[in-house]
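K.L.:
Sequence:
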Amino acid sequence: MYSKTDSGKTAINRISSGITIKKLAASGMLVALTVSLSGFSIPIGASKCFPIQHLVNVLAGVFLGPAYGVAMAFTSSLIRNLTGTGTLLAFPGSMVGAIFSALLFQKTGKLLWAYVGEITGTGLIGAVLCYPVATLILGKDVAVFFFVIPFLMSTVCGTVFAAFLLETFRRLGLLSYLRQLIG
25 MYSKTDSGKT
35 AINRISSGIT
45 IKKLAASGML
55 VALTVSLSGF
65 SIPIGASKCF
75 PIQHLVNVLA
85 GVFLGPAYGV
95 AMAFTSSLIR
105 NLTGTGTLLA
115 FPGSMVGAIF
125 SALLFQKTGK
135 LLWAYVGEIT
145 GTGLIGAVLC
155 YPVATLILGK
165 DVAVFFFVIP
175 FLMSTVCGTV
185 FAAFLLETFR
195 RLGLLSYLRQ
205 LIG
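Numbering (the working numbering), first residue to last: 25 to 207.
Quick caveat, the hints were computed from the structure, so don't treat them as lab data. Just to be clear, a hint being listed does not mean it is correct.
Each computed DSS-like pair below joins lysine-lysine, with the alpha-carbon atoms no more than 27 angstroms apart [unchecked claim]:
no., residue 1, residue 2
1, Lys46, Lys164
2, Lys46, Lys134
3, Lys164, Lys47
4, Lys131, Lys47
No experiment lies behind these values; they were computed from the predicted model shown.
Model the full assembly from the supplied sequences, consistent with the hints where possible.
P.N.:
Spelled out as structure tokens, the structure:
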């Protein structure tokens, strides 16, 4: 698993497969946050927005990167489906948003692009990817772009929450500290 000549790294810091314990723990906390707050919704017109997943997608994109972000979104969606607080539509929406947010942030280092990635990934691409899930698996008769408006409303709300939180972290000097701490 590890040796004493591993540049000072121990099993506490790194598992042999390259998964860092800190990122795994942060992912677990984000999953717990998402699942525990999945009942929180904001009524907007005739729809309800569940912004926590989108907030967490941006946080995962900034602090964890694409692989952990997608794994976190998948795990959150799976647990929400198993507990009855989510639907199969959560998978494509959350996972695409998480990977876009992480990839754009990773490429640019700019928070704005993490937000754009989440909104584009979930609100547009993830919403369109829900069409085959809705029609083929759930048996719903919907138009291809049926989910775009509700997904956009939800992801914009969550992304605005993430922007406020990350801006607060930045002003307090916590953003770079947390990124360095998580690794």
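K.L.:
Against this structure, judge whether each hint is valid.
P.N.:
Here is how each hint holds up against the structure:
Taking the CA atoms of lysine 46 and lysine 164, the gap is near 41 angstroms; set against the 27 angstroms cutoff, the hint is violated. Annotation: proposed proximity of lysine 46 to lysine 134 holds, straight-line Cα distance about 23 angstroms (limit 27 angstroms). Between the alpha carbons of lysine 164 and lysine 47 the distance comes to roughly 38 angstroms, so the proposed pair goes past 27 angstroms and is violated. Among the hinted pairs, lysine 131 with lysine 47 is consistent with the structure: their alpha-carbon atoms are about 19 angstroms apart, no more than 27 angstroms.
Against the hints set out earlier in the document, violations occur for numbers 1 and 3.
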